[in-house]
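**Q** Here are the chains, one letter per residue:
There are 2 protein chains.
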Amino acid sequence: MPIVGVIGGGQLARMMQPAAINLGLELRVFAESENSSAALSATSIGDYNDYEQLRAFAVDCDAITFDHEHVPTHLLSELEQDGIAVRPGPKALIHAQNKLVMRRKLAELGLPQPAWAAAKSAEDVEAFIAQHGPKIIVKTPIGGYDGKGVRVVSDAAQVADWLGKIDSFGGELLLEQKVDFSRELAQLSARRPSGEFKTFPLAQTIQENSVCSEVIAPAPQADFAAAKEIARAIAESLEVVGVMAVELFETPEGKLLVNELAMRPHNSGHFSMDGCKTSQFEQHLRAVLDLPLGDTSLNFDFAVMINLLGVDEKNDFLAHYPSAMASFPQVKFHLYQKAPRGGRKMGHLNLTGSNLDELLVAGRNCRAILYNQ
Amino acid sequence: MPIVGVIGGGQLARMMQPAAINLGLELRVFAESENSSAALSATSIGDYNDYEQLRAFAVDCDAITFDHEHVPTHLLSELEQDGIAVRPGPKALIHAQNKLVMRRKLAELGLPQPAWAAAKSAEDVEAFIAQHGPKIIVKTPIGGYDGKGVRVVSDAAQVADWLGKIDSFGGELLLEQKVDFSRELAQLSARRPSGEFKTFPLAQTIQENSVCSEVIAPAPQADFAAAKEIARAIAESLEVVGVMAVELFETPEGKLLVNELAMRPHNSGHFSMDGCKTSQFEQHLRAVLDLPLGDTSLNFDFAVMINLLGVDEKNDFLAHYPSAMASFPQVKFHLYQKAPRGGRKMGHLNLTGSNLDELLVAGRNCRAILYNQ
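Just so you know, the protein sequences line up as chains A and B, in that order. Residues 1 to 373 (full-length UniProt numbering) make up the first sequence, in order. Residues 1 to 373 (full-length UniProt numbering) make up the second sequence, in order.
Worth double-checking, as some hints may not be accurate.
As the list claims (entries may be wrong) - Here are the simulated lysine to any residue pairs, SDA-like style, with alpha carbons at most 20 Å apart:
1) A/Lys277 / B/Lys165
2) A/Lys255 / A/Ala233
3) A/Lys277 / B/Ala362
4) A/Lys148 / A/His70
5) B/Lys338 / A/Ala233
6) A/Lys338 / A/Ala319
7) B/Lys165 / B/Pro218
8) B/Lys338 / A/Asn299
9) B/Lys277 / A/Leu356
10) B/Lys277 / A/Lys338
11) B/Lys277 / A/Arg28
12) B/Lys345 / B/Asp312
13) B/Lys277 / A/Ile3
14) A/Lys338 / A/Asn35
Derived by calculation from the structure, the hints in this document are not laboratory data.
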């Protein structure tokens with residue numbers, strides 16, 4: 001029986017388990033702690049920065065994949081040299097780990113993206129502000145997510161701290177034009193080693209405080225063909241294996257610009273769990289094992305995903321199941337068994353049907369019941 | 001976090017796990033051996049005939065439920081006396097464990113069923129044959145499933161062995177009229193302790209060699225209202241908790257007769273995993289925890305389930321995934337990780353859509369690829 005090993009014990013590893021159970025595959029998780037979200041499948045606990053621990057976990061697996069993008073590339077290359085199938089491989093993954101590497105690659109591929117530059121000094125930042133300001137975006141090339149490692153600035157002094165320890169970011173910061181976008185979209189896709197590539201329905205993502213709050217699939221009226229071709233160009237040129245999310249800005253003119261890349265199942269694709277013939281988690285497992293990809297078509301006119309973020313350290317969504325389930329028998333509940341903390345991704349709701357407005361209203365009302373302290 | 005304990009480590013316990021993961025519940029399984037189909041969730045290994053082992057497993061669970069119907073009723077009553085929530089409770093479960101108890105209860109409720117009698121002797125059998133023969137059905141009241149413990153006979157001599165050890169069956173055999181049915185149906189439902197009751201779409205079941213081979217939901221043109229009311233009458237009068245399957249004969253005149261009962265998720269309800277808003281496994285977990293029941297509506301015009309039975313001790317369905325998945329990207333694969341054996345339930349396929357004939361043809365062709373040695 002094929003064995004997939006996942007580095008990282010977060011909710012993405014957790015949500016691979018139902019797909020593995022259905023397909024009859026074995027999933028093993030290398031988690032950081034005993035009480036991870038994927039604890040059920042955590043067959044090893046350890047430090048993903050320690051090569052020997054990584055290797056010991058990986059050696060019995062048919063393929064290694066990821067719950068997050070924090071494993072140092074050189075360790076993944078070592079695993080590959082030791083004959084382990086790392087999927088996506090480090091040469092692809094570096095583009096999701098390092099935003100400057102991604103920007104340079106997208107430029108080389110001629111794909112649409114915001115104006116950008118690498119900055120080594122305050123002077124570089126000021127020059128970019130002069131050209132694209134008054135406000136620009138500054139990002140640390142590595143380690144950022146959900147708004148962390150990202151600042152909107154109008155003065156180089158606002159990133160003086162980052163400039164002061166620029167070596168810890170690889171010697172450069174990423175500067176980006178602050179795009180005047182009309183909305184954000186996400187194109188989920190999957191590619192397997194033998195080359196097969198499939199996209200999921202293009203989704204619209206709605207952020208609150210830089211964290212994904214709601215997702216609508218398909219995105220109402222968008223340039224589906226352009227999104228698909230951007231994803232295909234990236235997946236094929238980088239030889240990505242597994243699920244990839246391309247986060248996109250849509251300009252007021254309807255043009256798409258690449259914002260970020262994730263090479264793993266992604267929050268913007270959770271709608272697929274209850275909305276599509278094949279979920280992103282099943283598709284990821286198929287892809288990393290080089291099995292034929294599943295049908296990604298949406299079973300409904302619309303699927304809506306509503307994120308459940310932690311309110312504080314005491315909130316307990318489960319305690320509100322009786323009232324939420326009684327009022328919303330059609331809602332699919334997904335809770336991650338994580339210790340609650342303000343703003344933490346604790347779960348999500350999926351709704352499917354033909355009336356988008358009704359789905360959104362029901363989802364938000366259901367969330368309100370779960371949030372009720 | 002609520003904990004559900006399942007007695008028995010078969011595929012039904014296994015398939016409760018994805019539902020538990022999604023809902024954020026904890027599932028614990030009391031399995032007979034280390035390598036059970038539900039091994040991932042098997043937190044205890046032991047003998048379900050040993051009260052102390054059962055109790056040690058059950059004491060930390062919010063509710064105890066079942067993968068099979070073999071746990072002796074008196075042990076379940078003891079668990080109840082010890083304050084453990086046994087769901088369904090032994091007073092309901094006995095009707096699924098003992099077919100004579102069921103027949104007597106259905107008669108008391110005035111529900112439609114084949115002509116039947118209890119037999120203690122060859123004379124009783126001959127008398128029933130004289131009235132309902134030339135062929136009748138003889139069943140052992142306890143321990144039968146998938147055609148085991150069931151014989152078609154035209155002479156009492158054909159059950160001489162059973163009559164000779166009749167005490168091991170409780171002192172009586174069950175005799176049933178051999179119904180001239182046009183097809184078999186299954187009404188799946190769920191009830192929770194506070195009384196809420198919901199049915200799933202009525203399904204048609206197709207047996208081969210007394211084992212379920214295919215299921216079609218909804219059953220084309222049937223007396224849906226009658227099936228629903230039979231299920232409701234049984235569930236409410238017996239105070240069933242959890243999912244219950246009522247297996248029905250449909251006579252050429254369209255009348256429904258109760259064949260058998262199962263008080264747990266059932267093979268005839270696997271279509272719900274990919275066909276309905278709420279799967280039978282999620283519904284069962286909700287019911288045994290007394291949570292509001294989910295929406296059971298079918299998301300498609302039709303859902304089809306195709307069973308995968310073991311061919312011999314060497315066959316390996318997984319080895320055929322590459323060709324089966326390539327030809328049938330729309331098929332949902334479910335494999336149970338059981339050691340293969342001829343005739344054993346090894347997995348199933350689910351297909352959903354609007355053209356029933358196309359679904360059946362695709363499902364059978366996909367199965368043929370998986371069966372290919």
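**Q** Hint numbers the structure violates, sorted upward?
**A** Hints 1, 5, 7, 8, 10, 11, 13 contradicted; others consistent.
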